[in-house]
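Note that the protein sequences, when read in sequence, are chains A and B.
Heads up: the first sequence is residues 1 to 253, going by the numbering used here.
Heads up: the second sequence is residues 1 to 414, going by the numbering used here.
Hints in this document: simulated from the structure, not taken from any laboratory.
Take these hints with a grain of salt, some might be off.
[Claimed, not checked] Per the computed footprint, the stretches of chain A lying under chain B, defined by three or more beta-carbons under 8 Å from a beta-carbon of chain B, are: (1) 64-72; (2) 77-84; (3) 121-131; (4) 150-159.
[Said to hold, decoys possible] If you want the footprint, here are the derived chain B segments under chain A, 3+ residues with CB under 8 Å: (5) 167-180; (6) 284-294.
[Said to hold, decoys possible] A partial selection of chain B residues facing chain A, derived with a Cβ cut-off under 7 Å: (7) Phe26; (8) Pro28; (9) Asp301.
Built from N, CA and C at the ideal position, the CB exists for glycine as well.
Residue-level listing of the chains:
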Amino acid sequence: MTQVKQPALALMGHLVLGYPTLEESIRTAEKYVEGGVEILELQIPFSHPTADGPVITAACREAVEHQRVSMNDCLEALNTIRQRFPEQEIMVMSYVNRVYAFGIQRFVEAMTNLGIRHLIIPDLPVDETPAAVITRHANIKLVPVLAANVTDARLDKLLNAGFDFFYLMSDFKITGSTFSLHPRLQQVIGRIKQTVPEARVGIGFGISTPEQVQTVHAAADVAIIGSALIRAQEAGGLETYLSSLTPASVGSA
Amino acid sequence: MTPTQTAYKNLIFQSEGYFGAYGGCFVPEVLLPGLQEIAAAFDEAKTDAAFLAEFNDTLQTFSGRPTAFTPLPRLTEEIGGARLFLKNEGLNHTGAHKITHCIGQILLARRLGKRRIIAETGAGQHGYATAAVCARFGLDCTVYMGKKDYERQRPNVYWMELLGARVVPVEDGTQTLNDAVIAAFKDWVEHPESYYLLGSAVGPHPYPAMNTFFQKVVGEEIRSQCIDAAGRLPDYCVACVGGGSNAMGMFYDFLDDEDVRLIGVEAGGRGTRPGEHAAKVLHGQLGIFEGYHSYFLQDGDGNIASTHSVSAGLDYCGVSPILAYLADEGRVQFETASDEAALAAVQRLARSEGLIPALESAHAFAHAFELAANLPKDQIVVINASGRGEKDLFITMRHFQEESLVAYAQHLLK
Chain A
1 MTQVKQPALA LMGHLVLGYP TLEESIRTAE KYVEGGVEIL ELQIPFSHPT
51 ADGPVITAAC REAVEHQRVS MNDCLEALNT IRQRFPEQEI MVMSYVNRVY
101 AFGIQRFVEA MTNLGIRHLI IPDLPVDETP AAVITRHANI KLVPVLAANV
151 TDARLDKLLN AGFDFFYLMS DFKITGSTFS LHPRLQQVIG RIKQTVPEAR
201 VGIGFGISTP EQVQTVHAAA DVAIIGSALI RAQEAGGLET YLSSLTPASV
251 GSA
Chain B
1 MTPTQTAYKN LIFQSEGYFG AYGGCFVPEV LLPGLQEIAA AFDEAKTDAA
51 FLAEFNDTLQ TFSGRPTAFT PLPRLTEEIG GARLFLKNEG LNHTGAHKIT
101 HCIGQILLAR RLGKRRIIAE TGAGQHGYAT AAVCARFGLD CTVYMGKKDY
151 ERQRPNVYWM ELLGARVVPV EDGTQTLNDA VIAAFKDWVE HPESYYLLGS
201 AVGPHPYPAM NTFFQKVVGE EIRSQCIDAA GRLPDYCVAC VGGGSNAMGM
251 FYDFLDDEDV RLIGVEAGGR GTRPGEHAAK VLHGQLGIFE GYHSYFLQDG
301 DGNIASTHSV SAGLDYCGVS PILAYLADEG RVQFETASDE AALAAVQRLA
351 RSEGLIPALE SAHAFAHAFE LAANLPKDQI VVINASGRGE KDLFITMRHF
401 QEESLVAYAQ HLLK
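Chain A with its partners taken away, still in its complex shape (with noise of 0.2 Å):
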């Protein structure tokens, strides 16, 4: 398949591999590419996605307890989607548990096989010990997902660690929640800004309208969405949706 450029949305579409099957999360991230969007964030599924809202946690239970899908199996549907958009950016989203039972170091080795540059493990702070086996890699990095409420100690340290993807929650939410963008964030996207220009900024957690892309698109550079496209997903309008929020309805990109 030839892949068509399309204009960049600064769109990141996550999806759960292996839901609603294997086949059809590789179908579904197709069709977000063709869609337009930027930024693929897919996410290998847990049995308990601690960070997740209703929404995800059932894709992942979907995956995890009735397709049975394996780290193996998450693998080869990461290297199908790769063959078919080498150039797509892709990042891979993960509980640490799952990394860690595949083998950190192995796991890091796959990743970079298959041309993902980011992973975001949610619940793995990039201090702690097993993530030395990954911030020490030259060719993968972490995305540290941040919220309101970072200290400046912490933040600082961070922006002095080679991150050059940071992912910020909009609100103290839980994913698929209603949207609100915190007030503080201004401040936090500043200080990125100001000390790792070259860094991108993502905003994720309850985006889903056209209005609140552009919101975001206002505030950062990447408008993160999950929860509202496997809603559309499951009601058969993914297509429709995605087109809701390309520059053309959203006005200005």
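Using the hints provided, position chain B relative to the given structure of chain A.
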């Protein structure tokens, strides 16, 4: 870094949350400020004489410490081996050892100016104790409880609600303790100004060390009570292990007494196949979950497995990172007791000694009875009766007198 054989006690409170390779603080960044705030407050409080005086005073005046140290002469004779004693933590207010770390943590929460408390509960004992201390100190209380536990431990749900707590049944996953822990963490993400009063020696730093610190009074009392009663230290201390709070409470003070053997008894459930038991140390694999690195019951691919125990308080997928470390070091030995053996132990202790242990604690008794039978009569075995059995009324009654239970239920519905 292996400590010299007599340095375990110091290591636990000086380790910054790492016990060998275990422990740590594996949580999303959003939870780090709250955990660091609690860790810093605990570090100050644990050497603050005024804090410790209020803690000890509240243990005495509110919970009824010290708890009794009770010889078991009839069972000792029946079994014909080692001398048996029990530490009756079930005499605490709310019926189990859990209130001890709840008192410690509620004083810490108050010190931090917190107004709202979040907790998880398995058997309901930790939730019940949390609800009681929240009422006593005038703080708002929300308790998460797996729906399966909510249904099988209704009496404790009722007590929590009577004490003014909001009890939320969690319908996710296997509807037991780890699902309640996750729901409590999610609440904390949404309400970072609240205080999460985690109820065992598990979870991210500082909970394993902090709850051990508050619970260590159990072992300290056993030390002096055993010397008073028998003129020397025990040869064996036996405790059940779910997450590990009662076991760490009993074991901590003896960690550096090499001659005191420490035995943790896990839930053997109804078999050794996955999903039939809750024996993490004996049948689990290393993992990182719910904030800490330890042994967990999981499939080979890093997904958390379902667990089973007749006792809700042991029906949990993980184990204290401190106990995982002490198990690897060979300092704490691990055994299992089955559902059937625990139920039989309840009946045996009731008939022979007039004491009714919680089903959780009954696992420790079941193993201790076997152990004592094979020991000489000059040996001393102390069992931690971490809770009393009244909360298990409907479970044990169904087992021992089902017809009577059904008749009573019909009577109530008339």
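Hint check results:
1. 64-72: holds (count 3)
2. 77-84: violated (count 0)
3. 121-131: holds (count 7)
4. 150-159: holds (count 3)
5. 167-180: holds (count 4)
6. 284-294: holds (count 8)
7. Phe26: 5 Å, holds
8. Pro28: Given a least distance of 5 Å, the restraint on Pro28 of chain B holds.
9. Asp301: 5 Å, holds
Comparing the model with each earlier hint shows a violation of hint 2 alone; every other hint is respected.
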